[in-house]
Amino acid sequence: MTAPAQAIPGRRFRLPFSPWHLVLVPATLVLIFPFVWLIVTSVETPAEALHFPPILIPHELHFANYSNALAAAPFGRFFFNSAVVAVTTVLCNLVFCSLAGYAFARLRFLGRGALFAVIMATLMVPFQVTMIPQFIITKWLGVHVLAGVGIDHLGALILPNAATAFGIFFLRQFFRTLPVEYEESARVDGASRLKVLWHIVLPLSLPALATLAALTFLDSWNNFLWPLIVVTSNNQMTLPLGLATFQGAHSTEWTLLMAGNVMSLAPMLLIFFVAQRYFVRSVAATGLAGT
Amino acid sequence: MLFGAVPIVWSAIMSFQNNQLTGNTSYVGLRNYRLMLHDPVVAQAVQHTFVYTALFVPGTMIVGLFLAVAMNRKIRFISLYRTAAYATMAISTISEAIVFIWLFDPSYGVVNYFLSLLGIPQQQFLNDPSQALYVIVIMTIWGWTGFSVVIYLAALQGVPQMLLDAAAVDGASKWTTFRRVTLPLLSPASFFLAIWLTINAMQLFDEVYLSTAGGPLNATTVLVYYLYEQAFQNFNFGYASAIAYLLFLIIIVVTAVQFRVGRRFTYYRS
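Protein sequences appear in the order of chains A and B. Position 241 of the first sequence, counted from 1, bears residue number 242 in the numbering used here, the numbering being contiguous throughout. Position 192 of the second sequence, counted from 1, bears residue number 193 in the numbering used here, the numbering being contiguous throughout.
Excised from the complex, chain A in its bound form (with noise of 0.2 Å):
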């Protein structure tokens, strides 16, 4: 930065806000750019999407996308799927991962290390490895045992994920750090494990509770390879494969795709921006838990 000339001596030029805008704003606008196109071409009409030079403000808000969209795909519907699966998904996880977590943390049995031993193991593999054999078992489980939970429901999309290694994990690792002596003094005054658990220790670990049901909501959220397995039917479908499958249908009707887009992101980016906190202090926990 030069100073302009003959200024104050000793003064640099300076300016009335901080540089680093200078570097922000820019930033930003390509950050958001893409959001903002998705949202012009969703409310142009197909002729002005299909122009070039782009128009860049559309000169009437043309509405009529959304509505077609909706037409052409059930986004309630798998709107609805998907807040279903990623809802039960969280409560399982918190159930499971809770009572396995404390298990790992606190009971002394038989196999305990070994078994903790294969669950780290499974954390390592990828899930592409084990997706054939679930999927197998997906199939059968459904034939033989429960439908709901068989090839083309959403129970299949619940079950594979109800419990995950990571949230074992990460809960084990929180529960050892809470101090010991309030379980042995309940235990000391009757209550039994599970009173231990539910009074105790997880009022204590509310914190990471809501970090793990940020991230699983967040995984379940935006599963999409897992679904495309699975679901063929449309009205089973999550909001990512219902897109998908709405994106293979339509793929250069630009305004009916992007208008459908909108409607499968907005759910999710106002449940973000409300909770942005809890996203942002999650994702920043497991970098912190992971250094």
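FYI, nobody ran anything at the bench for these hints, they're computed from the structure. There's no promise every hint is true.
[Said to hold, decoys possible] Simulated restraints on C-beta separations:
(1) B/Gln123 <-> A/Ile58: 18 to 24 Å
(2) A/Arg78 <-> B/Leu218: 35 to 41 Å
(3) A/Asp153 <-> B/Arg32: 31 to 37 Å
(4) A/Trp141 <-> B/Val254: 29 to 35 Å
(5) A/Gly114 <-> B/Pro41: 42 to 48 Å
(6) B/Leu218 <-> A/His60: 22 to 28 Å
(7) B/Tyr269 <-> A/Gly114: 23 to 29 Å
(8) B/Leu218 <-> A/Gly249: 40 to 46 Å
[To be verified] Per the computed footprint, the stretches of chain B lying under chain A, defined by three or more beta-carbons under 8 Å from a beta-carbon of chain A, are:
(9) 92 to 99
(10) 226 to 237
(11) 242 to 254
Source: prediction; values computed, not measured. Every residue, glycine too, gets a C-beta built ideally from N, C-alpha and C.
Once you've looked at the hints, dock chain B against the given chain A.
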């Protein structure tokens, strides 16, 4: 256990079978692995996976570090800037891919329009075998920006102001302080990001499935995409399992190398 440990062993067994889902399976020893070694598409897929990872991981880390450093200060609108970066975390890979296909559309895409303003002729992007993979690199870096900014911002907030002040007192320039003090203190975060992003990069699938389906001319066929094709379009479960184990092996080796190299460059306080 049923969905965790059992499938690992099961797919290992399947990788030694001629499993076609037609009912009859037979053990074929190492044939699937031998086939794999001579399959030109596997070689291409490995190459694409490595090229993609080698571009995506450092790219995401540099973008994240740069933005986090810029955002690690109390200035006006800062929460607005941060939210814009974080918002990319809330977008599913599918939404992201659809937007970027449109941005990079060869005929009507707005990116071609911006390039034309700079006097650059119309590009084919995802339709061009020599460009498609790079477009996927760009869209995924965008999608992971929020994540890497969060990780780096959290790490930057752990850098004690005292050390920076001490460096300034000793007459170090801002750049030297950044290089000699801040960057080493961020190395655990960089290490974590490198590992985490690499594992995710090797498993790239969603964007490829949606934007190019491995094409044009296999230019974007990565390992997981080929695995998916073999397993769920051709129903060669045995062969696909062998590819899955190749992927697993590659991830293990690469991560192990990263750990060995990373340990030397990672500085832990305490």
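Structure-based check of each hint:
1. Remark: the range hint 18 to 24 Å for B/Gln123 to A/Ile58 is upheld by a beta-carbon distance near 23 Å.
2. A hinted range of 35 to 41 Å holds for the C-beta pair A/Arg78 and B/Leu218, which are about 37 Å apart.
3. At about 33 Å, the CB distance of A/Asp153 to B/Arg32 agrees with the hint of 31 to 37 Å.
4. Range check, A/Trp141 to B/Val254: about 34 Å between beta-carbon atoms, so the 29 to 35 Å window is met.
5. The beta-carbon spacing between A/Gly114 and B/Pro41, approximately 45 Å, falls within the hinted interval of 42 to 48 Å.
6. In this structure, B/Leu218 and A/His60 break the distance hint of 22 to 28 Å, their C-beta atoms being roughly 40 Å apart.
7. Checked against the hint of 23 to 29 Å, the pair B/Tyr269 and A/Gly114 passes, with Cβ atoms roughly 27 Å apart.
8. Under the hint 40 to 46 Å, the C-beta atoms of B/Leu218 and A/Gly249, about 21 Å apart, miss the expected range.
9. With 7 residues carrying a beta carbon less than 8 Å from a beta carbon of chain A, the stretch 92 to 99 of chain B meets the three-residue requirement, and the given coverage holds.
10. With a threshold of 8 Å between beta carbons, the proposed coverage of the stretch 226 to 237 of chain B by chain A holds, since 4 of its residues qualify and at least three are required.
11. Proximity of the stretch 242 to 254 of chain B to chain A, defined as three or more residues with a beta carbon under 8 Å from a beta carbon of that chain, is established by the 7 residues found.
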